[in-house]
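Chemist: Listed below are the residues making up each chain.
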Amino acid sequence: MMLSRRIALALVVAMGLTLVAPAAPYAAPDAGKFVSDLGDKAIKLLTDKDAQLKDQELRFRELLREGFAIEPIAKFVLGPHLRRASDAEVTEFVGLFEDYIVSLYASQFRNYSGETFQVRRVVDLETKRGDLQVVTEVMRGGGQPPLRVDFQVRPVQDSFKILDVKIEGVSMIIAQRDDFSTFITNNGGKVQALNAELRKKTASLLTRASSPAN
Amino acid sequence: MKATGLALAMCLGMSGAAMAQQAAAPLDGVDDPHESFNRDIFEFNQVIDRNLLKPAAKVYEDVVPEFIRGMVNAFLTTLATPLVLGNELLQGEFDRAGYTVSRTVVNLVMGAGGIIDAAGSMGVPAHDEDFGQTMAVWGWTNDNPYLVLPLLGPSTIRDGIGIGVEAVFSPLGYMYDMSLAESIGKQGATALDKRSRYLTQLEELEKTSLDFYATLRSLYLQKRRDEIRNGEGGEAVPIPEITMDFDGKDMITAQTTALQ
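From first to last, the protein sequence lines stand for chains X and R. Note that my numbering has the first sequence beginning at 1, numbered continuously upward. Note that my numbering has the second sequence beginning at 1001, numbered continuously upward.
The shape of chain X in the complex, shown without the other chains:
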């Protein structure tokens, strides 16, 4: 199974290489462009009047996987409990974590009111793995000042993966980790307890997303 997949992949790659024009000059991938392209795709998805909620959720999940390093983020969010959890529990958690994030945003889709964002600059965070901070501003209506949103991205192969989003200086994954690992600590240190609670929370968020009134 895996072997034939690898062969298939090798064939695809080989074919791809022969089709590419030789000697194209190497352009370093642009972190700012990566974030802004991802954002454009998200906005397109949010403003698609004809899309069904299920369809939007699917497309959102694809964007999430494309742009974010979900598994490393999920493992970070477990905090000190990662070490003590079994592989099965961790794998289950990573899947549930992704579902939870999708449901979190799905329940907010209808609240999108046309906000846009602008990439301002890219800052080198000077970590040993080359992490960069893409600084953006989200423009809101009603005379409110723009929101400062920073994306911590890491170069991966030819592109990037987002590791964290900071809103007005507050890191979302640190907040998530504080929430989840405190929960685990207060529930006998069991990741299973977290998994069970996540399932419930995700289900209720999805129900809210598809209910007529928010």
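Check before you lean on any hint, since a few could be wrong.
List of simulated lysine to any residue pairs, SDA-like, C-alpha gap at most 25 Å [what the hints assert, rightly or not]:
#1 X/Lys-200 with R/Glu-1043
#2 R/Lys-1207 with X/Met-172
#3 X/Lys-44 with X/Phe-117
#4 X/Lys-128 with X/Leu-82
#5 X/Lys-200 with X/Phe-60
#6 X/Lys-201 with R/Pro-1033
#7 R/Lys-1207 with X/Leu-147
#8 R/Lys-1207 with X/Ile-167
#9 R/Lys-1207 with X/Lys-128
#10 R/Lys-1207 with X/Val-170
#11 R/Lys-1223 with R/Asp-1031
#12 R/Lys-1207 with X/Lys-33
#13 R/Lys-1207 with R/Asp-1049
#14 R/Lys-1223 with X/Thr-116
#15 X/Lys-201 with R/Val-1124
#16 X/Lys-201 with R/Glu-1206
#17 R/Lys-1223 with X/Pro-80
#18 R/Lys-1207 with X/Asn-195
#19 X/Lys-190 with R/Pro-1033
#20 R/Lys-1058 with X/Arg-208
#21 R/Lys-1223 with R/Val-1124
#22 R/Lys-1223 with R/Ile-1068
#23 R/Lys-1207 with X/Gln-52
#24 X/Lys-201 with X/Gly-189
#25 R/Lys-1207 with X/Arg-83
#26 X/Lys-33 with R/Val-1237
In short, the hints are calculated from the structure, not lab data. Model, not experiment: these values are computed from the prediction.
Based on these hints, arrange chain R on the given structure of chain X.
Modeler: Leaving out everything else, chain R in the frame of chain X:
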């Protein structure tokens, strides 16, 4: 600029060196030694919030038109200026202090005496400073222990003392003799104004958190550090190596390698 501020601090008798020895609590492991006590106060605050403040804020929002609420907000910001200015000077942030003065003058002149945030609509929003931030700049960077104050909400000992100091030494109190009724009125108006602005966000947070108390604590402590830094810098989140592997499950899966 900062050096001058520190010199000022020492002249005022604060032992800056001793305080600088306390290291900031790491963003990892949240230290909450009084957690069960804090949670009790938190529950108490939630009850007050649910039964008093939130309904009041909802009424405020429903009944009072946005432009009037905007004026109240602008006016309260103007009233808070001496405090913001005082703290910026104490921190040695003279450029920021100059900005605050200019901004306030603009609002007093063009903003009908400070009830319209003319400067804000020109892209010059108010700064947020308080004595807790000033003490942090002077060296009291320790966020411990986290405290939930009755009615006032999340804080730390440092910030709690800051609030106390401001209540006693408020520059506005010196300039204009406020009666107790007036200052309570001002506090109440500020609370209402703030609460109405964060109504939906806090509701959202409660619905989506597993542990609302822990989430709020994290947001508060992170926001404080951001305020103290005035929005600059900030640490990168320490996520270990991620590699791209070809896996049976997915065409491409990101996996972590050895943990730190």
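Chemist: Hints first: check each against the structure and report whether it holds.
Modeler: These are the hints, each one checked on the structure:
no.	hint	in the structure
1	X/Lys-200 with R/Glu-1043	holds (23 Å)
2	R/Lys-1207 with X/Met-172	holds (16 Å)
3	X/Lys-44 with X/Phe-117	holds (13 Å)
4	X/Lys-128 with X/Leu-82	holds (23 Å)
5	X/Lys-200 with X/Phe-60	holds (21 Å)
6	X/Lys-201 with R/Pro-1033	violated (28 Å)
7	R/Lys-1207 with X/Leu-147	holds (22 Å)
8	R/Lys-1207 with X/Ile-167	holds (19 Å)
9	R/Lys-1207 with X/Lys-128	violated (38 Å)
10	R/Lys-1207 with X/Val-170	holds (19 Å)
11	R/Lys-1223 with R/Asp-1031	holds (16 Å)
12	R/Lys-1207 with X/Lys-33	violated (34 Å)
13	R/Lys-1207 with R/Asp-1049	holds (16 Å)
14	R/Lys-1223 with X/Thr-116	holds (24 Å)
15	X/Lys-201 with R/Val-1124	violated (41 Å)
16	X/Lys-201 with R/Glu-1206	holds (11 Å)
17	R/Lys-1223 with X/Pro-80	holds (23 Å)
18	R/Lys-1207 with X/Asn-195	holds (17 Å)
19	X/Lys-190 with R/Pro-1033	holds (22 Å)
20	R/Lys-1058 with X/Arg-208	holds (22 Å)
21	R/Lys-1223 with R/Val-1124	holds (21 Å)
22	R/Lys-1223 with R/Ile-1068	violated (28 Å)
23	R/Lys-1207 with X/Gln-52	holds (24 Å)
24	X/Lys-201 with X/Gly-189	holds (19 Å)
25	R/Lys-1207 with X/Arg-83	violated (29 Å)
26	X/Lys-33 with R/Val-1237	holds (22 Å)
Consistency with the previously given hints fails for numbers 6, 9, 12, 15, 22, 25, ordered from lowest to highest.
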